[in-house]
Amino acid sequence: MHFDLNYSAILPQIIIGVTLFISATIDAFSSARKWPVGIITLFGIGAGISSAVYLWGSNIVSFSQMVSLDEFSLLLFITVMIAGFITVLVSLKYVDDMEPDGGHFYLLLLSSLLGMMFLVSATNLIVIVLGLELMSLSIYPLVGFTRDRQISLEGAMKYLILGAIATAFLLYGIALIYSVLGTTNLYTIARILSTAQHMTGNLVMMAGVAFILIGFSFKVALVPFHAWTPDAYQGAPAPITGFMAAAVKAASFGAIIKVVIIVLQSFHVPVAEALWWLSAVTMFTGNIIAVMQKNVKRMLAYSSIAHAGYVVVGLVSGTAFGMSSAVFYLLSYTFTITGSFAIITYLEKNDGTGSELSDFSGLAKEHPILSLIMAVFMLSLAGIPPTAGFMAKLYVFSAAIKSGYIGLAIFGILTSVISLYYYLRIVYAMYFEESEGRTDTPVPAGIAAGVFIALWGVIQLGILPSDIMNFAMQSIQSLIH
Amino acid sequence: MSYQLLVILSFVLFVIGMIGVAMRRNIIIVLISLELMLNAVNILFVSASKYMHTLDGQMFVIMVITIAAAETAIALALVVKVFKTVGMVKIDDLKKLKW
Amino acid sequence: MQNYNLINIAIYAVIIIGFAVITVLLSALVGPKAKSNEKLSPYECGVEPVGNARFSFPVKYYVIALMFLIFDVEVVFMYPWAIIVRALGAFGMYEMGVFIFIVLVGFVYAWKKGAFEWE
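Protein chains in written order, with my numbering: chain U, 1 to 481; chain H, 482 to 580; chain A, 581 to 699.
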């Protein structure tokens with residue numbers, strides 16, 4: 001019997017998986033303080049990032065064409081692992097403060113990373129679902145991590161139910177496509193579709209594609225499938241909110257980009273039109289509702305919905321440049337949002353409060369450096385130069401204009417002007433409002449380290465974006481070949 | 482049974498599950514409806530596998546069963562926690578967060 | 581096989597549903613009714629029912645049930661493996677060993693975390 005097994009195709013996943021086992025063992029046999037588990041996790045993720053960098057340039061398809069290791073998956077591996085790294089750094093003190101015996105925090109984070117990595121490296125729709133589920137099923141308990149907080153459980157419950165509906169939709173769409181074509185391999189589907197013109201008007205096929213699109217839209221929270229996002233983001237512990245906004249979004253978008261590039265280009269359905277509307281509605285709704293929010297976590301939840309809309313602008317343009325700009329956007333958003341939530345983690349109190357807008361008032365007097373960095377992150381989210389967010393928006397909108405979607409680009413720019421209002425409100429609160437007497441605790445070393453890594457990323461991508469953009473271009477090219 | 486009928490059956494089951502998720506207020510019933518949706522997927526996979534003469538579909542069913550079980554386990558664990566803190570398992574009681 | 585007419589199925593369905601409805605209705609209408617206290621109480625193996633059936637179970641039952649659910653479903657993967665284990669040879673044994681090891685790590689973790697403690 002011949003087996004198509006090339007273990008180097010899943011080397012980064014193996015590293016994360018082994019780390020998971022080691023961390024689980026240490027967690028099971030260790031005492032109340034769990035930061036050693038976090039340190040092991042940090043080392044594991046670091047090793048994973050190094051392996052992904054080391055493997056850059058390889059192109060392996062293995063395991064009966066179930067997974068592929070190409071530059072696209074490697075770049076997204078690095079993105080989600082950076083998000084995981086910063087999140088673990090930020091949580092080292094937080095976990096021990098919040099929950100006695102909370103080592104499962106790191107284990108769930110690792111297993112969700114594992115799921116994300118299989119999600120972006122999958123070349124088979126079933127592996128995509130398995131990765132997506134491993135990711136989501138690890139995130140639900142993380143949202144409800146602080147068990148005695150009611151809003152936390154509530155957010156987790158809503159996220160779980162809507163996430164499960166999304167999975168059911170996705171699976172049903174895959175089953176419909178399988179019932180027409182008899183395969184779930186992305187490349188085989190693309191080959192069949194490009195030769196069989198009679199598939200163009202096939203209703204079952206159209207329904208399958210629509211179901212898959214709906215399922216993914218739930219996962220990345222595009223309007224009108226965004227209902228879970230604000231609740232889950234507000235209810236989750238602050239580091240996890242950052243992780244969800246960065247890594248979960250990046251991984252799900254990775255899968256969408258892959259499916260769109262490989263399959264949908266050869267299948268003539270009006271996907272671009274559907275994405276056009278989704279992105280326009282998402283940008284508008286996310287930014288408008290964010291303006292009305294008083295709670296910063298909830299505000300950033302709506303802002304993350306809006307940012308998903310900006311990423312979709314890159315997808316709508318459909319060119320290689322547009323896709324790479326979407327990947328670049330995901331990377332820049334990862335740095336910005338994990339950094340912002342690192343600072344919110346510092347402000348969040350044990351009972352879950354501390355993330356209201358008023359909690360930011362006068363922060364600049366007590367923590368001038370932290371406030372300055374927070375202001376930089378907010379400017380990056382709003383898209384002001386010289387930050388990563390500006391370059392990302394520039395790339396995405398110029399890709400849209402090049403492909404002739406000028407209306408969408410103008411609309412996107414207008415909505416980001418709206419977004420400026422609520423991002424600057426946080427900056428205003430920090431610098432020009434009086435504080436209401438805050439208990440002054442020193443910034444933990446982990447949070448400081450995480451914030452500085454994120455800041456480095458934001459500045460690096462903002463000032464010297466061309467190198468990273470080249471990597472993004474290479475990653476998209478590796479999918480097209 | 483012809484293949485078309487099985488496809489229709491799975492679609493009807495899926496829609497019933499969807500209606501159940503949308504209409505019922507008890508979390509346990511919602512979870513059961515979700516299971517129904519996943520099992521509709523299973524029926525479609527198995528019948529398509531038979532029709533297409535490929536075994537992949539039956540393999541996927543095993544995966545879907547596992548996914549469903551894991552999902553149920555986590556959902557029930559959360560329900561137990563919600564029951565302990567809120568004291569009810571009705572969806573309408575989860576309304577601390579809005580807008 | 582392929583010539584199944586949908587109308588046949590529909591007629592069949594109507595007959596079945598009609599039969600079920602009519603039997604239930606008929607017995608409800610014409611059947612004798614003896615509403616004594618004994619008749620109306622739920623049947624519990626002939627023993628007097630104790631308390632309400634809808635009380636909440638202690639959480640520990642749920643935890644055990646969840647554990648059972650997870651480890652029960654893992655076995656599903658062993659059935660297809662068992663069919664071709666001879667053809668797979670040593671490689672199959674090794675792969676299943678890895679699989680069981682992964683499950684075992686989860687089991688030990690749950691054990692050490694006290695998921696199986698009854699009290």
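Among the hints, erroneous ones may be present.
Okay, derived cross-link-like pairs now, DSS-like style, lysine-lysine, Cα gap no bigger than 27 Å in a straight line [to be verified]:
hint : chain 1 : residue 1 : chain 2 : residue 2
1    : A       : K692      : A       : K640
2    : H       : K562      : A       : K693
3    : H       : K565      : A       : K692
4    : U       : K294      : U       : K402
5    : H       : K562      : A       : K692
6    : H       : K565      : U       : K365
7    : U       : K349      : U       : K365
8    : U       : K93       : U       : K349
9    : A       : K640      : U       : K93
10   : A       : K613      : H       : K562
11   : A       : K640      : H       : K565
12   : H       : K565      : A       : K615
13   : U       : K365      : U       : K402
14   : U       : K93       : A       : K692
15   : H       : K531      : U       : K349
16   : U       : K93       : U       : K365
17   : A       : K615      : A       : K692
18   : H       : K562      : U       : K93
To spell it out: a stretch of chain U is covered by chain H in this simulated footprint if at least three of its residues, at any positions, have a beta carbon under 8 Å from a beta carbon of chain H; those stretches are [said to hold, decoys possible]:
hint : region
19   : 58-70
20   : 166-172
21   : 179-189
22   : 462-473
One-sided excerpt, in silico: chain H residues whose CB lies under 7 Å from chain A [said to hold, decoys possible]:
hint : residue
23   : I509
24   : I524
25   : V542
26   : T547
27   : A550
28   : A554
29   : V561
No lab work stands behind these hints: they were computed from the structure.
Cβ atoms here follow ideal geometry from the backbone N, Cα and C, with glycine treated the same way.
Here is what the structure says about each hint:
1. With a C-alpha separation of about 16 Å, the suggested pair K692 of chain A and K640 of chain A falls inside the 27 Å cut-off, and the hint holds.
2. A threshold of 27 Å between alpha carbons decides the hint, and for K562 of chain H with K693 of chain A the separation of about 17 Å falls inside it, so the pair holds.
3. In summary, the hint linking K565 of chain H to K692 of chain A is supported, as the alpha carbons are separated by about 24 Å, within the 27 Å threshold.
4. Between K294 of chain U and K402 of chain U the CA atoms are separated by roughly 38 Å; this puts the pair beyond 27 Å, and the hint is violated.
5. This hinted pair checks out: K562 of chain H and K692 of chain A have alpha carbons roughly 21 Å apart, not beyond 27 Å.
6. For the given pair, K565 of chain H sits about 42 Å from K365 of chain U by alpha-carbon distance, which is inconsistent with the 27 Å threshold.
7. Taking the CA atoms of K349 of chain U and K365 of chain U, the gap is near 20 Å; set against the 27 Å cutoff, the hint holds.
8. The straight-line distance between the Cα atoms of K93 of chain U and K349 of chain U is roughly 12 Å, inside the 27 Å bound, and the hint therefore holds.
9. Only pairs whose Cα atoms come within 27 Å are accepted, and K640 of chain A paired with K93 of chain U is rejected, the gap being roughly 31 Å.
10. For the proposed pair K613 of chain A and K562 of chain H, the alpha carbon gap of about 45 Å is over 27 Å, so the pair is violated.
11. Proximity of K640 of chain A to K565 of chain H is assessed by CA-CA distance (about 13 Å); at most 27 Å being required, the pair is judged to hold.
12. At roughly 39 Å between alpha-carbon atoms, K565 of chain H and K615 of chain A are farther apart than 27 Å, so this suggested pair is violated.
13. In summary, the hint linking K365 of chain U to K402 of chain U is not supported, as the alpha carbons are separated by about 45 Å, beyond the 27 Å threshold.
14. For the hint pairing K93 of chain U with K692 of chain A, the CA-to-CA distance comes to about 23 Å; that is within 27 Å, so the pair holds.
15. Pair hint K531 of chain H plus K349 of chain U does not hold up; C-alpha atoms about 57 Å apart against a cutoff of 27 Å.
16. With a CA separation close to 24 Å, the supplied pair K93 of chain U and K365 of chain U stays within the 27 Å bound.
17. For the given pair, K615 of chain A sits about 55 Å from K692 of chain A by alpha-carbon distance, which is inconsistent with the 27 Å threshold.
18. Distance hint between K562 of chain H and K93 of chain U is fulfilled; the C-alpha atoms sit about 25 Å from each other, no more than 27 Å.
19. Only residues whose C-beta sits within less than 8 Å of a C-beta in chain H count toward coverage, and the region 58-70 of chain U has 0 of them, not enough to reach three; the restraint is violated.
20. Closer than 8 Å: that is the beta-carbon criterion, and the region 166-172 of chain U has 4 residues meeting it against chain H, so the requirement of 3 holds.
21. Counting residues of the region 179-189 of chain U whose C-beta sits closer than 8 Å to any C-beta of chain H gives 4, which meets the bar of three, so the coverage hint holds.
22. Restraint check on the region 462-473 of chain U versus chain H: 0 residues with Cβ-Cβ distances below 8 Å, three needed, restraint violated.
23. The restraint placing I509 of chain H at the interface with chain A is violated, with a minimum CB-CB distance near 12 Å, outside the 7 Å limit.
24. Restraint check, I524 of chain H versus chain A: the minimum CB separation of about 16 Å is more than 7 Å; hint violated.
25. Among the interface hints, the one on V542 of chain H is violated; its C-beta lies about 9 Å from the nearest C-beta in chain A, farther than the 7 Å criterion.
26. Because the closest C-beta pair between T547 of chain H and chain A is about 5 Å apart, less than 7 Å, the hint holds.
27. Checking A550 of chain H against chain A: minimum C-beta separation of about 4 Å stays under 7 Å; hint holds.
28. For A554 of chain H, the shortest C-beta to C-beta distance to chain A is roughly 5 Å, which falls under 7 Å, so the interface hint holds.
29. For V561 of chain H, the interface hint holds, the least distance from its beta-carbon to any beta-carbon of chain A being 5 Å, beneath 7 Å.
Hints 4, 6, 9, 10, 12, 13, 15, 17, 19, 22, 23, 24, 25 from the earlier list are contradicted by this structure; the remaining hints agree with it.
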